[in-house]
Amino acid sequence: MVKTLRAFLLVAALAAPAPAQELIGGYEGDAEGGYGFGSLVLETARERPRGLVLRLTGSHLRYRYPEAAGDTEVTAPGAALGVGLRLRGAKTTFTVGPGVEVRRKTTEFAAGPRREETLWGAVVSAELYSMPSPTSALFAFGSWNGADDYLWGRAGGKLQVSNRSFARSSSWLLGAQVTVHGNDEVDVVQAGPLLELSLKDGGSFQLHGGWSRRSYPVAPSRDQGYFGISYYRRF
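Plus 1 on top of the position in the sequence shown (first one is 1) and you've got this note's numbering.
Bear in mind the hints are in silico, worked out from the structure with no lab data behind them.
Backbone N, C-alpha and C fix where the C-beta goes; we use that ideal spot for every residue, glycine too.
Don't take every hint at face value.
Listed next, with one range per pair, are the computed distances between beta-carbon atoms [what the hints assert, rightly or not]: (1) S222 to A46: 40 to 48 Å; (2) A46 to Y217: 41 to 49 Å; (3) Y28 to W145: 32 to 40 Å; (4) N164 to A112: 54 to 62 Å; (5) V179 to G147: 33 to 41 Å; (6) R234 to H61: 33 to 41 Å; (7) E109 to K201: 45 to 53 Å; (8) D185 to E109: 13 to 21 Å; (9) P133 to E109: 40 to 48 Å; (10) N184 to I25: 17 to 25 Å; (11) A46 to S137: 37 to 45 Å; (12) N164 to S222: 35 to 43 Å.
Could you put the whole structure together from the sequences, leaning on the hints where they help?
Structure, rendered in structure tokens:
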């Protein structure tokens, strides 16, 4: 693990002077839990077909799941460092790469002692973003986190519904997305609409929400609403 961290830090030192940067942050949750994060992405060769990306992320995960004696509560702040290869086409961008993550996981059992542990693990992530036209976009994101064997995936699309001539400094987009994520403690399926405000300076704000179903190994599924907010800024 130490050798892996040294390798990632070497990549960070090489990529840090890159002029292209992205700042991403957000929160998503429902009555059973939530996930908040902030990421800094550094990219080399933004105008070329291939480039290297470095991603630094801080996050906080919170969820609960039912057991025979009641609900068990889990909180897990963490940090991750990842590298990736970004491929650019005329209408499509694809990024894939490995990383490493550490989480401080605290589990409050419904019956039993509190458990605290530090988890390390590999991360693998991929992102696909395509624009079939100047006013429409399709996307698919996915990641696997070995620290707690957590799988996450999302796919959807959006359409620009205002400023279609691009004469103004901002545009509104409407879309929809489906998300699946979970591990051996809980599985989650989400679906719903999204609303995005895109700014000409490279920033955007997004609101999304809808229906969420959480399934558990030893308890009935729970249906509820979920809500999310995110921010993106390209420099």
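We went through each hint and held it up to the structure:
| no. | hint | in the structure |
| --- | --- | --- |
| 1 | S222 to A46: 40 to 48 Å | holds, 46 Å |
| 2 | A46 to Y217: 41 to 49 Å | holds, 45 Å |
| 3 | Y28 to W145: 32 to 40 Å | violated, 21 Å |
| 4 | N164 to A112: 54 to 62 Å | holds, 56 Å |
| 5 | V179 to G147: 33 to 41 Å | violated, 24 Å |
| 6 | R234 to H61: 33 to 41 Å | violated, 21 Å |
| 7 | E109 to K201: 45 to 53 Å | holds, 47 Å |
| 8 | D185 to E109: 13 to 21 Å | holds, 18 Å |
| 9 | P133 to E109: 40 to 48 Å | holds, 47 Å |
| 10 | N184 to I25: 17 to 25 Å | holds, 23 Å |
| 11 | A46 to S137: 37 to 45 Å | violated, 26 Å |
| 12 | N164 to S222: 35 to 43 Å | holds, 41 Å |
In terms of the numbered hints stated before, the structure departs from hints 3, 5, 6, 11, listed from lowest to highest.
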